Amino acid sequence: MITQVKKKRLRLYKDRLNILLDIAQTINQDHTVDDLLAEFEILLREELEVGKILVFTNSDGTWKNLLISGVSASEVEKIDVERDLLQFKSIENITLAPPVPLQGFDAVIPLFHRYRAIGYVLIGDVEEEQQGISPTIKHLKLIQIISNLIIVFIENKRMQETILEQEALKKEMEVASRIQNQLIPSSEDLPRHKKLSLQSFYHPHWGVGGDYYDIIQLSRSSIGFCVADVSGKGIAAALLMSNFQAIIRTLFTSNINLKNLIHQLNVRVNSSANNEKFITMFIGKYNLRTRRLTYVNAGHLPPLVFDPKKSNLSSLDQGCIGLGMLDVIPSVEVGKVTIPRNAKLMAFTDGLIELERGNEVESGLMNIEKIITNKHSIEKNMEEAKDLVARHIESGAVFDDISLIGMEFK
Numbered sequence: 001m002i003t004q005v006k007k008k009r010l011r012l013y014k015d016r017l018n019i020l021l022d023i024a025q026t027i028n029q030d031h032t033v034d035d036l037l038a039e040f041e042i043l044l045r046e047e048l049e050v051g052k053i054l055v056f057t058n059s060d061g062t063w064k065n066l067l068i069s070g071v072s073a074s075e076v077e078k079i080d081v082e083r084d085l086l087q088f089k090s091i092e093n094i095t096l097a098p099p100v101p102l103q104g105f106d107a108v109i110p111l112f113h114r115y116r117a118i119g120y121v122l123i124g125d126v127e128e129e130q131q132g133i134s135p136t137i138k139h140l141k142l143i144q145i146i147s148n149l150i151i152v153f154i155e156n157k158r159m160q161e162t163i164l165e166q167e168a169l170k171k172e173m174e175v176a177s178r179i180q181n182q183l184i185p186s187s188e189d190l191p192r193h194k195k196l197s198l199q200s201f202y203h204p205h206w207g208v209g210g211d212y213y214d215i216i217q218l219s220r221s222s223i224g225f226c227v228a229d230v231s232g233k234g235i236a237a238a239l240l241m242s243n244f245q246a247i248i249r250t251l252f253t254s255n256i257n258l259k260n261l262i263h264q265l266n267v268r269v270n271s272s273a274n275n276e277k278f279i280t281m282f283i284g285k286y287n288l289r290t291r292r293l294t295y296v297n298a299g300h301l302p303p304l305v306f307d308p309k310k311s312n313l314s315s316l317d318q319g320c321i322g323l324g325m326l327d328v329i330p331s332v333e334v335g336k337v338t339i340p341r342n343a344k345l346m347a348f349t350d351g352l353i354e355l356e357r358g359n360e361v362e363s364g365l366m367n368i369e370k371i372i373t374n375k376h377s378i379e380k381n382m383e384e385a386k387d388l389v390a391r392h393i394e395s396g397a398v399f400d401d402i403s404l405i406g407m408e409f410k
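Read the sequence shown against the UniProt record's numbering and you will find it ends at 410, with the numbers running on by one and no gaps.
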């Protein structure tokens with residue numbers, strides 16, 4: 001009799017071991033999640049004679065049904081994971097006194113991964129194989145082990161897919177960053193002229209960004225320049241800005257009227273952005289012979305101009321609303337100013353002066369005003385501004401792209 005009991009127990013252990021080996025083999029073969037769940041369902045329903053199976057998993061903070069078998073839609077709808085299941089920290093047989101939403105189930109199996117609840121398995125309607133022995137109790141530990149194996153596999157699979165997506169996004173960002181850096185002129189690429197010193201600085205906050213600046217030799221006697229900022233951040237803003245750069249390079253010529261240029265740019269931005277984004281921009285045309293600067297400020301931060309002879313600091317704010325804000329810009333005011341000798345100009349995007357301090361955003365405009373109004377050259381001023389930006393980045397105060405161009409009129 002004892003031998004028969006031992007043989008039966010040994011056979012049971014072998015059966016359980018074979019089940020675990022089959023599951024482990026399926027996992028090692030890297031089957032899809034659907035294949036693994038199908039095998040899990042067959043195992044519980046046919047091998048272990050479980051009548052009802054309901055599996056919940058937590059993905060990105062949201063509880064979802066991973067497997068429903070032998071359970072009606074009305075039974076599923078009654079269950080709220082956070083209300084009914086989060087209280088369970090270990091396997092619990094609920095046959096005698098199940099909570100109302102869990103009636104019809106015999107056991108709750110919570111599944112944890114790194115001390116975090118990632119799933120719950122509800123089972124019920126288990127037919128007894130032998131009188132006096134509850135199959136729920138008999139198979140509960142085995143079902144827990146199998147469930148843990150499968151849920152951890154699914155969680156690892158999800159994390160692996162997330163990592164692959166992040167790596168793919170990182171590669172896309174790197175490619176986009178290289179392309180954008182080719183579009184943004186460096187200080188070495190800027191026009192050279194004995195009557196004008198030109199400097200520039202660019203810092204995309206996320207590798208790619210929606211800032212843009214350009215300085216173009218329009219003719220022997222005129223220089224065109226612009227600073228622009230697309231609403232939003234990231235790849236979408238960078239793509240729109242790349243398109244905008246090509247449009248600027250095509251339309252911005254020595255003989256174009258700035259008012260007409262603004263209207264044409266507004267049409268192009270509306271077409272490219274589908275009314276989802278807009279662009280603020282400062283664009284100017286400087287005549288090297290007459291020292292005359294004509295400009296339009298399209299909803300952008302006003303550039304600063306400092307006249308050291310008069311110790312006068314002024315801003316360039318005449319213009320219109322931003323590009324893409326309306327289908328048609330109602331009014332465009334073209335600013336005109338004569339630039340005195342040795343004057344300095346700084347044009348920038350809001351990332352330079354908007355600083356995050358805790359939950360508040362502070363203005364750093366005064367710091368830039370102090371820099372441009374000192375006695376140093378524009379080259380030195382730009383280095384001072386870069387040092388300031390580096391300190392802000394280190395402190396975590398910078399949260400946007402930064403573009404800055406500096407000019408000194410000799």
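For the record, the hints were derived by calculation from the structure and aren't laboratory data.
Since the model is a prediction, treat every value here as computed from it, not as a measurement.
Don't take every hint at face value.
[To be verified] With a Cα cut of at most 30 Å, we get these calculated DSS-like pairs of lysine-lysine: (1) LYS386 x LYS370; (2) LYS195 x LYS277; (3) LYS171 x LYS386; (4) LYS310 x LYS336; (5) LYS170 x LYS233; (6) LYS52 x LYS194; (7) LYS157 x LYS170; (8) LYS78 x LYS89; (9) LYS309 x LYS170; (10) LYS380 x LYS370; (11) LYS259 x LYS336; (12) LYS309 x LYS194; (13) LYS195 x LYS309; (14) LYS410 x LYS336; (15) LYS309 x LYS375; (16) LYS375 x LYS410.
[Unchecked claim] What follows is a list of derived Cβ distance ranges for each label pair: (17) LYS194 x GLU161: 37 to 45 Å; (18) LEU365 x HIS263: 24 to 32 Å; (19) GLU369 x PHE112: 30 to 38 Å.
No residue lacks a Cβ here, since even glycine has one placed at the ideal position from N, Cα and C.
Hints, verified against the model:
Under the criterion of a C-alpha separation no larger than 30 Å, the hint pairing LYS386 with LYS370 is consistent with the structure, at around 14 Å. For the given pair, LYS195 sits about 38 Å from LYS277 by alpha-carbon distance, which is inconsistent with the 30 Å threshold. The straight-line distance between the Cα atoms of LYS171 and LYS386 is roughly 28 Å, inside the 30 Å bound, and the hint therefore holds. For the hint pairing LYS310 with LYS336, the CA-to-CA distance comes to about 19 Å; that is within 30 Å, so the pair holds.
Restraint check: the Cα-Cα separation between LYS170 and LYS233 comes to about 15 Å, which is no more than 30 Å; the hinted pair holds. Between LYS52 and LYS194 the alpha-carbon distance is near 85 Å, which puts this suggested pair outside the 30 Å criterion. Taken as a hint, the LYS157 and LYS170 pair is honoured in the structure, with Cα atoms around 20 Å apart against an allowance of 30 Å. Pair hint LYS78 plus LYS89 holds up; C-alpha atoms about 21 Å apart against a cutoff of 30 Å.
For the given pair, LYS309 sits about 50 Å from LYS170 by alpha-carbon distance, which is inconsistent with the 30 Å threshold. Note on LYS380 and LYS370: the hinted pairing holds, with a Cα-Cα distance of about 13 Å set against a maximum of 30 Å. For the hint pairing LYS259 with LYS336, the CA-to-CA distance comes to about 12 Å; that is within 30 Å, so the pair holds. A hinted pair counts as satisfied when its Cα atoms are at most 30 Å apart, and LYS309 with LYS194 qualifies at roughly 20 Å.
For the proposed pair LYS195 and LYS309, the alpha carbon gap of about 17 Å is at most 30 Å, so the pair holds. The hinted pair formed by LYS410 and LYS336 meets the criterion: a straight-line CA distance of about 19 Å does not exceed 30 Å. With a C-alpha separation of about 11 Å, the suggested pair LYS309 and LYS375 falls inside the 30 Å cut-off, and the hint holds. Straight-line distance between C-alpha atoms of LYS375 and LYS410 comes to about 14 Å, which keeps the hinted pair within the 30 Å bound.
The supplied range of 37 to 45 Å is broken by LYS194 and GLU161, whose beta-carbon atoms lie about 59 Å from each other. Between LEU365 and HIS263 the C-beta distance comes to about 30 Å, which sits within the given range of 24 to 32 Å. A hinted range of 30 to 38 Å for the beta carbons of GLU369 and PHE112 is inconsistent with their spacing of about 57 Å.
Comparing the model with each earlier hint shows violations of hints 2, 6, 9, 17 and 19; every other hint is respected.
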